[in-house]
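Asks: Here is what each chain is made of, one letter per residue.
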Amino acid sequence: MRTYIIDTDTASDDAVALILALRHKEITVLAITCTAGNLSIAKTTRNARIATELAQTYHPPIYAGVDRPLIRVLSVGEHVHGKDGLGDMNYPEPSLQLEDEHAVDAILRFARTHQDVGIITLGPLTNVAMAILEDPKAMSNITEIIAMGGQYRMPNGCTANAEFNIWVDAEAAKIVLESGIHITLVPLDLCYGETEITKADRDHLKSFKTVRGDFFVDCNRRLIEYNQRSYDKDIISLPDPTCVAVVLEPSIVLHSIDVYTRIEVKSPLSYGELIYDFDGLQGQKPNVRLITEIDALRFKEMIFEAAK
Amino acid sequence: MPKYLIDTDTASDDAIALIMALRDPSCEVLAITTVFGNVDIETATKNALLSIEMAEVLPVPVYQGMDRPILRPRIDALDIHGQDGLSQQNYPNPSLKKEAEHALNAIIRILRQEKEPIRIICLGPLTNIALALRKAPDIQTKIQDITLMGGAQLGYAGYTEVAEFNIFCDPEAAAIVFNSGIPLTMIPLEVCSIGNGKVEAITSLNAKEIAALRALHTQRAQFAMNSTQTLYAFCSKLTGFKNLQLPDPTAITVALRPQGILSSYTAYVQVDLVGPLTYGQTVINVRGGTALDGQVIRHNVKIISAIDGAFFKAHLTESLS
Amino acid sequence: MSEQRRRLIIDCDPGHDDAIAIMMAARHPKLELLGITTARGNQTIEKITKNALDVCQVLDIHVPVCMGMTRPLMAEPRLVEARIHGETGLDGPKFAPLTRKVDARHAVDFIIESCLTSDQPITLCPTGPMTNIAMAIRKEPRILDKIEAIVFMGGSYQHGNVTPAAEFNIIADAEAAAIVFTCGRPVVMMGLDITRQVLCYPSIIERMAKIDNKASHLFCDLMTFFNKTQKAVFGWDGGPLHDPTTIAYLIDPSLITTKLMFAEVDITHGQSYGRTNCDIFGLSDAQKNVHVAMKIDVEGFWNTVETCIRLYS
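Protein chains in written order, with this note's numbering: chain A, 1 to 308; chain B, 1 to 321; chain C, 1 to 313.
Hints listed in this document are in silico derivations from the structure and should not be mistaken for laboratory results. Among the hints, erroneous ones may be present.
[Said to hold, decoys possible] With a cut-off of at most 30 Å between alpha-carbon atoms, the simulated DSS-like pairs for lysine-lysine come out as follows: (1) B:K198 / A:K199; (2) A:K266 / C:K288; (3) A:K25 / A:K199; (4) B:K115 / C:K288; (5) C:K231 / B:K142; (6) B:K302 / A:K233; (7) B:K198 / B:K237; (8) C:K94 / C:K214; (9) A:K285 / B:K142.
[Stated by the list, open to error] Quick partial rundown of chain B residues pointing at chain A, CB under 8 Å, derived from the structure: (10) D24; (11) V29; (12) L30; (13) L154; (14) E161; (15) I284; (16) V286.
These numbers were taken from a predicted model, which means no experiment stands behind them. Every residue, glycine too, gets a C-beta built ideally from N, C-alpha and C.
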């Protein structure tokens with residue numbers, strides 16, 4: 001059984017991703033570690049607990065991690081997901097509690113004690129970077145990191161050239177990229193195009209009349225407004241679920257590129273931009289498997305299955 | 001009839017572009033200014049003079065310009081176009097001669113003299129234009145627009161992982177031009193190779209199309225295809241299939257025959273001067289409003305995203321006939 | 001030992017201390033002032049150019065005055081700072097109506113032309129932002145063979161006066177300064193480190209007033225105003241006479257101790273943008289390219305200023 005820690009800055013699409021992961025038979029979620037990003041740590045930890053309860057299956061321990069990026073000031077995305085990160089739906093306080101242990105300590109403990117554990121990251125990479133900085137040897141036991149983040153060819157994810165998760169803490173992303181751990185990158189591009197959750201898809205989800213079906217639509221209502229404003233599209237984009245989908249069913253990947261990848265951290269214009277050496281200019285071995293295409297139909301099926 | 005200044009770092013595809021512009025009946029070329037870039041400045045000037053001779057038109061004055069970038073060290077593209085920029089065909093020296101006046105002064109003088117604003121087409125690094133603007137800021141109002149071949153959209157590039165050659169040659173000059181407020185039309189490099197991924201937007205030539213141009217049996221057509229042999233080999237090796245990409249000639253079609261444009265969009269384009277990994281990148285922001293860092297986003301460039309391949313090739317064929 | 005006078009062009013943004021540098025260079029028997037080129041610095045290029053013409057008119061100096069670049073290469077022009085130099089950029093003296101005209105040639109072309117046609121090397125003396133010099137070097141690299149040295153006022157191997165890192169002339173156009181620092185010709189830097197030592201106390205003004213000629217009148221009118229603003233803004237009792245250190249050096253190099261070292265201008269767009277990083281201890285093994293002024297003979301300097309003023313009697 002494949003085992004993963006999921007590191008998340010739980011807002012609306014993270015919540016959907018968590019539920020997808022928890023309900024799927026293919027993997028075991030060892031722990032959920034929370035970081036700041038979409039929202040403050042107080043809100044992301046709350047939302048992680050809400051999502052875990054809504055999954056209506058097992059409850060992995062939930063840990064609070066670093067509350068701000070390594071170096072830069074935290075920028076949150078309340079304008080994307082809503083003030084509460086879940087579409088301003090004011091969901092009731094969850095009864096699940098947070099663990100006392102710091103998320104970074106928990107990650108290191110699992111890395112030391114477990115044979116085959118990977119990390120799925122759905123937010124900024126601050127927790128993972130801190131763990132690598134503190135004990136790179138322990139972290140070298142991590143089998144893989146599958147990160148939702150970065151841009152491929154889609155501009156204006158967050159700034160012109162950078163996607164939000166990476167942009168919030170590019171220094172952390174740099175540490176992860178240079179760590180030697182195998183990285184699969186699921187860029188923002190994958191949640192637009194055929195994988196967009198359209199009005200018809202949303203009506204279909206609502207037709208289930210299930211708690212999760214309603215939740216998937218409602219918690220994303222601010223995200224719908226954001227996509228309307230930014231891209232003039234009436235859709236829910238689900239980047240974090242595309243990342244989890246890639247882990248749950250690797251056959252969903254239609255195309256990927258192994259590429260040596262670096263990140264810009266100095267330029268104000270391009271901070272957080274992932275630099276892909278497709279032409280091998282640097283003469284380095286690839287350090288990233290970049291996912292460039294997934295089976296949109298199967299992806300949507302997985303969402304619907306998790307909602308039922 | 002609109003009047004043009006063409007600024008070029010004359011290598012093989014620039015030469016074809018010059019012939020297209022010079023032979024186009026709708027276009028009056030007031031002057032050609034040369035800049036370092038693909039080749040060194042002397043070679044750029046020599047190749048420009050040769051191109052005018054090959055065009056078989058009334059001579060147009062050629063003014064030699066900047067031999068190096070404002071700040072960074074000079075690079076070149078000799079491995080792409082050949083040591084002489086023209087696939088080393090051993091052409092005889094041109095009998096036409098360049099003017100004595102420096103290109104910077106000529107650009108300033110010509111723009112000041114003309115009553116109506118002039119259009120400028122840039123096929124190489126933007127050093128001449130940038131320094132002319134700095135030296136004589138008043139000429140700005142005499143520039144109707146600038147069409148430039150250069151830059152790249154996100155995820156594409158060429159010279160570095162993220163920067164295209166013409167811009168990377170002199171990012172500071174490019175920044176000056178992009179921040180100037182002059183109406184700009186930019187043709188990114190990838191548009192001249194894969195277009196928008198659709199068949200009708202492919203402007204590169206395959207072997208059959210190259211043979212068809214040779215079959216025109218004019219001196220111009222031979223010159224064009226012979227001079228681009230090194231470029232042809234380079235493009236074919238890069239992509240894994242036989243193709244000849246002609247970026248600079250597409251700039252001529254875009255400027256002179258805009259009906260050949262399939263799609264375009266406006267954006268706020270800035271040139272990254274900091275890097276270090278992204279130095280020389282054209283950072284393209286299509287949104288409006290205010291950016292996350294508080295900057296007000298004002299679209300300053302029209303970016304061509306696809307060009308009609310058949311239309312372009314017809315224009316090219318016409319020029320070489 | 002050649003008796004030939006040293007040919008120079010002063011590139012400046014007058015400016016009180018620029019004006020005194022012009023005064024000193026124009027009449028000294030060791031120097032041949034070929035022309036004055038203006039750069040946008042403390043004030044707009046129009047005001048600065050007028051100031052240069054005013055100085056030439058009142059002192060009866062007959063050299064071309066050529067207007068130069070209206071803005072720096074890359075940076076935005078600094079906001080006009082009237083606190084030190086006043087509204088005109090040369091507040092203090094009352095100048096007669098201007099009859100002199102600016103030369104038709106652009107400063108950059110004048111520098112290029114002068115260098116290419118001179119049968120003798122030329123020293124360039126920038127006392128403001130180095131935009132004109134950089135443009136000339138880039139536009140016509142052949143002038144480098146004809147440049148004897150570039151002796152400039154600017155920079156600091158210690159702290160700056162605009163930001164903690166940077167001095168005004170350099171930060172006004174750091175990219176231009178970088179081009180000068182890397183041009184390969186001898187570069188001599190009169191930085192704040194020594195100019196802050198030559199403070200024009202009221203006693204100096206009294207001393208020069210006794211000479212009682214048009215140059216001393218100009219000197220006193222300029223420095224009286226300059227001292228007032230320097231006192232108000234920085235608290236100095238005497239304003240530092242920055243720019244004339246370049247001319248004093250050319251007249252008598254023994255007045256200033258310089259050390260050849262590797263120096264570069266920070267153009268990396270960070271907090272230290274515009275800093276002249278001077279490798280005094282030779283920590284890097286990069287090519288030594290700048291003679292950085294370390295010490296000045298203060299008394300000798302004022303004697304030289306006095307000598308120059310006396311030449312106008």
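Asks: Take the C-alpha atoms of K198 (chain B) and K199 (chain A), compute the straight-line distance between them, and say whether it is at most 30 Å.
Replies: holds, 28 Å
Asks: Are the Cα atoms of K94 (chain C) and K214 (chain C) separated by 30 Å or less?
Replies: holds, 12 Å
Asks: Once the shortest beta carbon distance from E161 (chain B) to chain A is found, is it less than 8 Å?
Replies: With a minimum Cβ separation of about 5 Å from chain A (threshold 8 Å), the hint on E161 (chain B) holds.
Asks: Does K233 (chain A) lie within 30 Å of K302 (chain B) when you go C-alpha to C-alpha?
Replies: Holds: K302 (chain B) and K233 (chain A) sit about 23 Å apart, inside 30 Å.
Asks: Taking the least C-beta to C-beta distance, is L154 (chain B) closer than 8 Å to chain A?
Replies: holds, 4 Å
Asks: Taking only the CA atoms, is the gap from K266 (chain A) to K288 (chain C) under or equal to 30 Å?
Replies: Measuring from Cα to Cα gives roughly 29 Å; hence the hint holds.
Asks: Would the hint on V286 (chain B) be counted as holding, given a Cβ-Cβ threshold of 8 Å to chain A?
Replies: At 6 Å from the nearest chain A Cβ, V286 (chain B) passes the 8 Å test, so the hint holds.
Asks: Take the C-alpha atoms of K285 (chain A) and K142 (chain B), compute the straight-line distance between them, and say whether it is at most 30 Å.
Replies: This hinted pair is violated, its Cα atoms lying about 51 Å apart.
Asks: With the threshold set at 30 Å, check whether the alpha-carbon distance from K25 (chain A) to K199 (chain A) stays at or below it.
Replies: holds, 29 Å
Asks: Run the distance test for K231 (chain C) versus K142 (chain B): straight-line Cα separation, threshold 30 Å.
Replies: Given that 30 Å is the threshold and the Cα spacing comes to 47 Å, the pair is violated.
Asks: How about V29 (chain B): closest beta carbon in chain A under 8 Å, or not?
Replies: violated, 35 Å
Asks: Answer holds if the nearest beta-carbon of chain A is closer than 8 Å to that of D24 (chain B); otherwise answer violated.
Replies: Since chain A brings no Cβ nearer than about 34 Å to D24 (chain B), farther than 8 Å, the hint is violated.
When held up to the earlier numbered hints, the structure conflicts with 4, 5, 9, 10, 11 and 12 and fits the remainder.
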